[in-house]
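Starting from the known structure of chain A, arrange chains B and C on it as the hints suggest.
Residue numbers (our numbering), protein chains in the order written: chain A, 2 to 278; chain B, 1331 to 1649; chain C, 43 to 570.
Wrong hints could be hidden among the right ones.
[As the list claims (entries may be wrong)] Below are the BS3-like pairs computed for lysine-lysine, each with C-alpha atoms no more than 27 angstroms apart in a straight line:
#, chain 1, residue 1, chain 2, residue 2
1, C, 549, C, 269
2, C, 238, C, 226
3, C, 226, A, 39
4, C, 459, A, 133
5, C, 433, A, 133
6, C, 438, A, 39
7, A, 39, C, 433
8, A, 133, C, 463
9, B, 1510, C, 281
10, C, 402, A, 39
11, C, 498, C, 391
Derived by calculation from the structure, the hints in this document are not laboratory data.
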Amino acid sequence: MRTFLRRNPRILLGGTIVVVLVFVAVFASVIAPYDPTKVDVTQGLRPPSAGHPFGTDDLGRDVLSRVIWGSRISLSVALISVSIGFGVGVSLGLAAGYFGGLFDLLAMRLIDTLLAFPALLLAIAIVATQEKPEIQYAMIAIGIVAVPAYTRLTRAQALALREREFILAARTVGARPVRIVFRHIFPNLANALVVQATLGTAGAILAEAALSFLGLGAQAPTPSWGQDISYNARYLPNLFWWMSLAPGTAIFLAVFSFNFLGDALRDALDPRLRRSA
Amino acid sequence: MGQYILRRLLLMIPVAFLVSVVVFVLIHLSPGDPVAIFAGGEVQDPVVIAAVRQQYGLDQPLPAQYVIWLEHALQGDFGRSLRTRQPVLEAITERLPKTLELGGAALLLSIVIALVVGTIAAVRRNSVVDLVATGVTIAGVSLPNFYLGIVLILVFGLVFRVFPPGGYSDFATDPFENLKRLVLPAITLASASTALNLRQVRSSLLDVLSQEYLRTARAKGLRERTIVMRHAWKNALIPVVTIFGLQVGAILEGAIITETIFFWPGVGRLAVDSINGRDYPVVQGIVLLSALSYMASTLVVDVLYAWLDPRISYRSRSA
Amino acid sequence: MRSARYLVAFLGSFAILLAACSGGQQPSGGGASPSTSVMATPGGTMTFALEDQPINMDPLLSNAFIDRNIHYQIYDSLVRIDSSGKIIPWLATTWDFASDGKAVTFHLRTDVKYADGETFDGASVKWNIDRYRTTTGSQRSGELASVDSVDVVDASTVRFNLKSVFAPLLANLVDRSGMMLSRKSVEAGGTDFTRKPSKAGSGPFVLTEFVQNDHMTLEKNPSYWLKDKDGSQLPYLDKVIVKPITDGTVRLTNVRTGDAQIMNNIPGKDVASLKTDSTLVYQQKEAYQFNSMIPNEAAGYVFADRRYVKAVSMTIDRQQILDTIAFGVGAVGYGTIAPSHFAFDPTFKPYAKADPDAAKALIAQIGAPLQFELLIVSGDPVQLQEAQLIKAQLEKAGITMDITQLQFAQILDLQNKHTFKGMTLIGWSGRIDPDGNTYDWVYTGRPNNAESYSNKQVDQLLDHSRATTDQEQRKSDFQKAQQIFVVDDPAAVWFGFGVSQLLYTPKLKGMDIYPDRLVRFATAWLQK
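In isolation and in its complexed conformation, chain A is listed as follows:
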């Protein structure tokens, strides 16, 4: 492991930032200096200072604390939606690729249908079906939208491997399909899936930010990076910049670290993957 990391400094760098992020999210209640929802209008719109390193917003809430707590929303949404996308997508892809036939045809039509919707629009439409927009629905919506990527990747690999010798050998011997899929096909996919999941996390964080920006993610007063940007953007012309710059930079750092890590993993684990999207 150590040599692996030493030979791939980019993974070390990206990985470290990700670990720091997760740490901040998990220990937010300890790290954050103030209660992110505490309103104190007498302290409203204060620029960054010693007491408030990122300043305060128009209700006197500490921006730094809000950014720290916001990491919880972003990372938990990303984690759950990627899990949904991964779980559903990989299962579907493996089954479609391995079994083929009518199942494959139907599954691919389903995937095509999902892909035909502009992703953000589909996510908005899914969240709109619920009584109130809440963070769970954003997670599900982003998860659903992520499914096609995993399905295609997995299916292509399953299709390619299906005809390979060692699979044919396993079938001749009488191994059950599930065993074949999991013992032989899946491990070959692992590298590609790890890369996809990492990059997918970056995408999920961006998607959550976009939904929150449109008011469809975490609900007030829960701090969320995307919502804080849209809530505070109107003060920019008055040159109160810190309330929207901070969450924006946080999103950037989080997404950047996952993208960076994903790219580095891709280069390290499977150079052939560089050729495809």
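Quick look at chains B and C alone, frame taken from chain A:
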């Protein structure tokens, strides 16, 4: 080739049908009553609202409403917006050129930058340009486009009043004004895809540049530039074309947020406003049309792909 | 009584003519002031940045405040208000009420033609009023419910026969219910009349272009009947281009860069700096608009016990809300009767100081703690800020308020279906007569009475206020009723009143500001 295209076209039909059903169900199941807005507004009189609901056939069971909608849609009549009473098709065609203008500008910008910078980065590997390009690539993909847009508006629209902070101006009446307003939203929309395209161009070129047949060309004494332009590009373009093709879908999606921030009266904004306002006919019309155009564009890309690289057979590209 | 009214009407028409050329209202605060002695120069095109997209150009079906900004430029009503809110003659020059108050005869102007060439006369009035009263889906039927029939006495005289005495009738006829359109153009327009340019009005401008989400163009009506005091025809401007811009900051930037010459609805946070900006003129006036939290009645809702409503009303700090959210722009309020209403009582300050302790005690009396949900419209950061501030204020009295952001369509749905049990944050654009701000909100069974409030005394008082035209009587009725539905048996929580605002370039003269938050461009002109 013809058979392949026909097959793909036929497969589009069930998908289009599925899409229309999915969006119909989604939007009609969404809580919220558009009739309450346009038949009630500030004074919610239940009698008036009920009468209007009946007038518009919105009190009928959902399957019946779907069939009626489908019937009309197949004849090209997508109904009228519940909010503005404007025919849906007219509402879309009114806004489509504006989205296309924005998307087109973003796409052009993205392609040009990706090709130029990506090529330089690949040819002069690990140089300053390469490192900057790689850095910008990842940064561009990581920055939320709405954030970039807001920052651009602040800096170039409000602090240094170089560009207007949003809004649209008709090209026919004043081309200069129109282009001025196009700059910031186009940059915002192009940001994410430029990064992706740049990365793709660079990696494709790198791959190709190191291949055997180029070594032969180099051995023959051909200049590097000729090698790059004549041989490398053509083969490198194959995966690049795929990516560019997919950008069309990404552009429409990015347009949703960009149009919202910059008050660009395009289809993306209409889509969001209509979902929020539960304007059923408009949502159904937009989603169906966008699905159809997405499928058409993937078909075009796939055909191009196959044509560019004769090694790829049609059979393996299908389904 | 009758002659006094006659005199008022007569003087009123003079006043309007004087106001038309004098340039009108002095702005509050600094900045350039409109000239009052310079001759108006005709001509020019002006761009108006409006806060939202108007949708419906047919007063029959329009139900949004925003539409009225266009209506007032292209249509005339039977009567209008001056900038102080007093009703003045317009298409009707004088009016007489029958002695029993159950009929009113209007004498009409004889020099008015619609832009399509048709003549405005008694038959036209009847057609319009009958249309508003009887068409299915009419949004005006409630406002004209008291009208039984309209008789055409002759070409310049009509009589409204009322089912009962209805004091707010004239006030209703100022707005959409009294707007007169040309039958020919309306019928020719068909279904698309609501969203296409037409010549159906007799107003100072004609709607010549209507592009959704882009712009609307109003062009000078060459045969407009109103003239200024020198006898020159109004309007002065050749063209007004209306641009809907929903973002307040972008609207403001458009005015600053000169892309627009005038805008309405200025964000509170910018008002202070604008007042001292000498390159722009800022005008502000108290409006009829009120801000409120309205409970929604649903089975088992907590506000069935009105003491809870009172607890909320006692706890919130209205002044803090005004200062923080609106940066002090507006007024603190406790009920529905606005400072610009004749029935306003400046001494009525039941909850002058926020008293969370008294609220705690009251809740303790009831027994169960108070927790409820507040609905606000999604996508409005100012409303969100307001809700979060109120939430924090209520916590001081141990009241838990959860905020839910929903689309407008959802909010209306929940309220109408009475499935929602909390409160909704509501701003009502306001009406000229206090009845318009009150009746539908607290009278038993009325459409906006979402909390299903029913208090016999209030009902009686409001009915009485409708049945008499005696101003003093009506004032007393309203104030007594307000005391009940705000303090004794609270219906909802009212916490503030809004303002009309205009911001424009000093080159623009002749703009008056009105308490109904609507613009009027007939008397505006651009200095060269």
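Cross-check of the supplied hints:
Between residue 549 (chain C) and residue 269 (chain C) the alpha-carbon distance is near 22 angstroms, which keeps this suggested pair within the 27 angstroms criterion. A hinted pair counts as satisfied when its Cα atoms are at most 27 angstroms apart, and residue 238 (chain C) with residue 226 (chain C) qualifies at roughly 15 angstroms. A C-alpha spacing of about 61 angstroms is found between residue 226 (chain C) and residue 39 (chain A), which places the hinted pair above 27 angstroms, so the restraint is violated. Note on residue 459 (chain C) and residue 133 (chain A): the hinted pairing holds, with a Cα-Cα distance of about 16 angstroms set against a maximum of 27 angstroms.
For the proposed pair residue 433 (chain C) and residue 133 (chain A), the alpha carbon gap of about 19 angstroms is at most 27 angstroms, so the pair holds. About 12 angstroms separates the Cα atoms of residue 438 (chain C) and residue 39 (chain A), which keeps this hinted pair within 27 angstroms; it holds. Taken as a hint, the residue 39 (chain A) and residue 433 (chain C) pair is honoured in the structure, with Cα atoms around 10 angstroms apart against an allowance of 27 angstroms. Distance check on the hinted pair: residue 133 (chain A) and residue 463 (chain C) sit about 14 angstroms apart at the alpha-carbon level, within 27 angstroms; holds.
Only pairs whose Cα atoms come within 27 angstroms are accepted, and residue 1510 (chain B) paired with residue 281 (chain C) is accepted, the gap being roughly 25 angstroms. Of the supplied pair hints, the one linking residue 402 (chain C) and residue 39 (chain A) holds, its CA atoms being roughly 21 angstroms apart against a limit of 27 angstroms. Taken as a hint, the residue 498 (chain C) and residue 391 (chain C) pair is honoured in the structure, with Cα atoms around 24 angstroms apart against an allowance of 27 angstroms.
Hint compliance for this structure: hint 3 alone is broken.
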